[in-house]
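Colleague: Each chain, written out:
2 protein chains.
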Amino acid sequence: MISKQKTFLIVGLGLLGGSYAMRLKEQGYYVMGIARRQETIDYALANNIIDEGTIALDENIRKADYIILGLYPTTMIDWVMENQQYFKENALISDVSGVKSNIVEPIQKILRSDLEFISAHPMAGKENSGIEHANTEMFKHANYIITPTPNNTKEAIEFSNDLANVLGFNHISVLSCEEHDKMIGFLSQLTHVIAVSLMNTHDNSHLVEYTGDSFRDLTRIAKINEHMWTELFILNKDILLDEIDAFASSLQSFKEVLQNEDEENMKQLFRQSTARRIKFDKK
Amino acid sequence: MISKQKTFLIVGLGLLGGSYAMRLKEQGYYVMGIARRQETIDYALANNIIDEGTIALDENIRKADYIILGLYPTTMIDWVMENQQYFKENALISDVSGVKSNIVEPIQKILRSDLEFISAHPMAGKENSGIEHANTEMFKHANYIITPTPNNTKEAIEFSNDLANVLGFNHISVLSCEEHDKMIGFLSQLTHVIAVSLMNTHDNSHLVEYTGDSFRDLTRIAKINEHMWTELFILNKDILLDEIDAFASSLQSFKEVLQNEDEENMKQLFRQSTARRIKFDKK
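As you go down the protein sequences, you meet chains A and B in turn.
Residue numbering for the first sequence follows numbering that gives the first Met the number 0, starting at 0 and increasing by one per position.
Residue numbering for the second sequence follows numbering that gives the first Met the number 0, starting at 0 and increasing by one per position.
Quick caveat, the hints were computed from the structure, so don't treat them as lab data.
Check each hint, because a few of them may be wrong.
Remember, identical chains collapse to one label, so a pair may be satisfied in a single copy or spanning two.
[What the hints assert, rightly or not] Capping the alpha-carbon separation at 25 Å, the derived lysine to aspartate or glutamate pairs in DMTMM-like fashion look like this:
| # | residue 1 | residue 2 |
| --- | --- | --- |
| 1 | Lys236 | Glu263 |
| 2 | Lys236 | Glu262 |
| 3 | Lys181 | Asp216 |
| 4 | Lys153 | Glu177 |
Bound conformation, chain A alone (with noise of 0.2 Å):
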């Protein structure tokens, strides 16, 4: 558990960031804002999102005891860099970071040797950014993956994964930032470059009429934030291109099949993705 006594400080007012504050702030913590713009602060107190945030970055941080970084990934290890001094000692630091191998040990590294950073990935959030769109519910159906490294105190974990509840997720898994990294570029990232480029092999706006719920489903995440998800795919680079090669393999063996008209195999191929499929149904 953790005491309702402790302040937090979530960086970045986002989607994520925004509704981190929200959701601890409906939960009795006293949670600070930061942002970049004023008008952000300004909608989130106006709509009870944080008790107090600023723009400028001051002595108030060191009131803070647990700092959620809701910044993009490469902006996180500068900012950590510029401000740690502000921190209040001791403090845990955590983030929402959707790639880790190249994050966490990076900022672990440059940390002031009395905080610590439990890095964590949030599997939650949609198509949409900004604060405006933030909301708890997003957390019901989603995973929460802490991924420690061995510079990691026991604590450390017991607080994210105590964190996770209070956000209210759904499933909460250890994962090394190694295992989590290889994870993401199958499940995800890979995933998010054939919608794109599906997209991108024709325009097709003149199918619009015609199309039905499969294409619509395929391609709903070729609606994408291109700033975040270009940091993310060169940070994931390594992984990511392998997954590409292994699946542009895969389609090459389905297109000689279907060249062949090798019935029996593109059978087998279909079955085997079905008995697959079947398994990632929910229950």
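Got chain A sorted already, so can you dock chain B onto it with the hints?
Modeller: Showing chain B alone in chain A's frame:
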């Protein structure tokens, strides 16, 4: 308007044939059914889906003014060849097949001169098959595409349009067989190839607990009827091979941009996919 005095024969009481029968009977038409198995006929009679049904072909077929072929594409030609001797004079025949170019003209060619075949593609149906999943709801949000050839009369095209209205389709359009097959090659067949190839990329059952909606949505159609889709793909082979190549080349372009960490062009690809996908949002 199709007169309520007219009699329908549905050949093949699967998901689509069964749903056609159910809706036509609901609307007051006399509906006969032919199936391969007596238990399908028994089910259809017990559930008020047909007025009469048989597994044996006989003179009774001659009662039908309209014959809807709910058969697999390649089965259709042989079935018509063998059984058109029993068709009523001047009967009108239609189908539900998902590919057209290699089906429609061949059937028109072998048809008795007093008969007419007007082809259509009801773009309804889910992962399920079989009459026990028949329902009339699935037509409500679906497209119905009439694919006439120069051999078709204006009256037959009008009948097909009226039939779509009786069935309750949301949107009716007319395309040539070639336009239809190109559209379906991209919007439906390529998306199924992608979903199947993605599931076949790795054995990923250990990732089930981390899976979010985007992966589930993208791979939903990887659960696939191996017999029907093998036929549909091979019948539309040339178009589908072109679509696979076009998509593979779009995927390759994305891979190069990632390999080069070319942020500007990656963002451009994201902006293009986003702009295109927005047009496909349901109004």
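Colleague: Indicate which option fits the pair Lys236, Glu262 if close means a Cα-Cα distance not exceeding 25 Å: within, between, both or neither.
Modeller: Between copies only: 12 Å across chains, 37 Å inside a chain, cut-off 25 Å.
Colleague: When no copy is named, should Lys181 and Asp216 be tagged within, between, both, or neither for a Cα gap of at most 25 Å?
Modeller: Cα proximity of Lys181 and Asp216: in one copy and across copies (24 Å, 20 Å).
Colleague: Within, between, both or neither: how does the pair Lys236, Glu263 come out at a Cα-Cα threshold of 25 Å?
Modeller: Cα proximity of Lys236 and Glu263: across copies only (16 Å, versus 37 Å in one copy).
Colleague: From the Cα coordinates, with 25 Å as the cut-off, is the pair Lys153 and Glu177 best called within, between, both, or neither?
Modeller: within (19 Å within a copy, 64 Å between copies)
Violation of the numbered hints given earlier is absent; every hint is satisfied by the structure.
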